[in-house]
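I would like the entire structure built from these sequences, with the hints used as guidance.
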Amino acid sequence: MNVAFRCATSAVALLLLPLFCARQPDDGLGNQPRDVSLPFVLPRDPAALAFLLSVLPDSLAAAGRERYSRQAYDSARAIWIVDVTRARRAADSVAEARTLMWLGLAAWRLGDYPASRRDGEASLALKQRLGLDAELSRSFNALGLLAWNEGRHGDALRLFDSARVSARRHDDLAGHARAAGNIPLVLVELGDFENARRGFEDAVTAGRAAEDELTQGNALANLGMLEIRLGRPHPALGLLA
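For the sequence shown, the working numbering assigns the number 2 to the initial residue and increments by one for each residue that follows.
Just so you know, these hints were derived from the structure itself, not from any lab. One or more hints might be untrue.
Claimed, not checked - Cβ-Cβ distance ranges computed for the label pairs, FRET-style:
| # | residue 1 | residue 2 | range |
| --- | --- | --- | --- |
| 1 | D134 | F52 | 31 to 37 Å |
| 2 | D156 | A135 | 38 to 44 Å |
| 3 | A49 | R130 | 27 to 33 Å |
| 4 | E214 | R71 | 14 to 20 Å |
Ideal Cβ positions, reconstructed from N, Cα and C, are used throughout, including at glycine.
Below, the structure written as structure tokens:
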């Protein structure tokens with residue numbers, strides 16, 4: 002009984018794990034950005050900030066992603082704000098679209114939902130205008146996560162489905178796995194537990210096809226969570242293990 006209780010507690014702690022995978026990025030030169038403690042007030046000039054971080058100016062986006070991967074969301078957001086300035090000065094609309102998406106995700110992580118929606122939708126519109134079709138799945142997925150957290154369940158399902166369709170169009174197995182893992186999160190909120198179960202099972206399969214262990218692990222944890230919510234802790238033990 003104690004074992005079951007401990008495992009149940011672990012599952013509850015892992016409730017509703019969203020899937021937006023951020024791997025440790027490369028700065029484009031084969032080097033990781035230097036891990037430094039950022040000052041309270043960052044330089045607003047891209048060249049000055051790049052010098053502080055010991056990266057090239059066009060590697061600021063990677064420096065932000067490295068901090069995002071370590072959950073240093075404030076630092077990541079501050080770096081990306083400067084990188085958007087750099088991209089606009091250079092008339093690099095592709096870089097601007099990509100960084101705006103990450104800015105939206107950082108704002109989502111920090112609970113600044115209005116900024117998250119503003120930056121995320123700006124990124125999506127810019128990607129669509131530039132014809133960056135292969136990158137739409139990530140933007141749809143990011144906006145879906147925001148809609149899920151805001152309780153806009155219909156919008157979340159529509160956005161995650163768009164993410165899945167976009168990923169399939171480009172044989173993006175990782176993008177498909179992310180969307181597959183996030184759709185059942187909304188179904189749980191709607192009380193559609195049977196379809197949520199099937200969705201999490203599909204996410205495990207999609208994660209395996211993409212060789213994405215994080216997606217598989219999150220989907221299994223969420224399946225365990227669902228079993229506990231339905232009053233079946235014993236099947237949850239195997240899923241969590």
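Here is what the structure says about each hint:
no.	hint	in the structure
1	D134 / F52: 31 to 37 Å	36 Å, holds
2	D156 / A135: 38 to 44 Å	23 Å, violated
3	A49 / R130: 27 to 33 Å	31 Å, holds
4	E214 / R71: 14 to 20 Å	19 Å, holds
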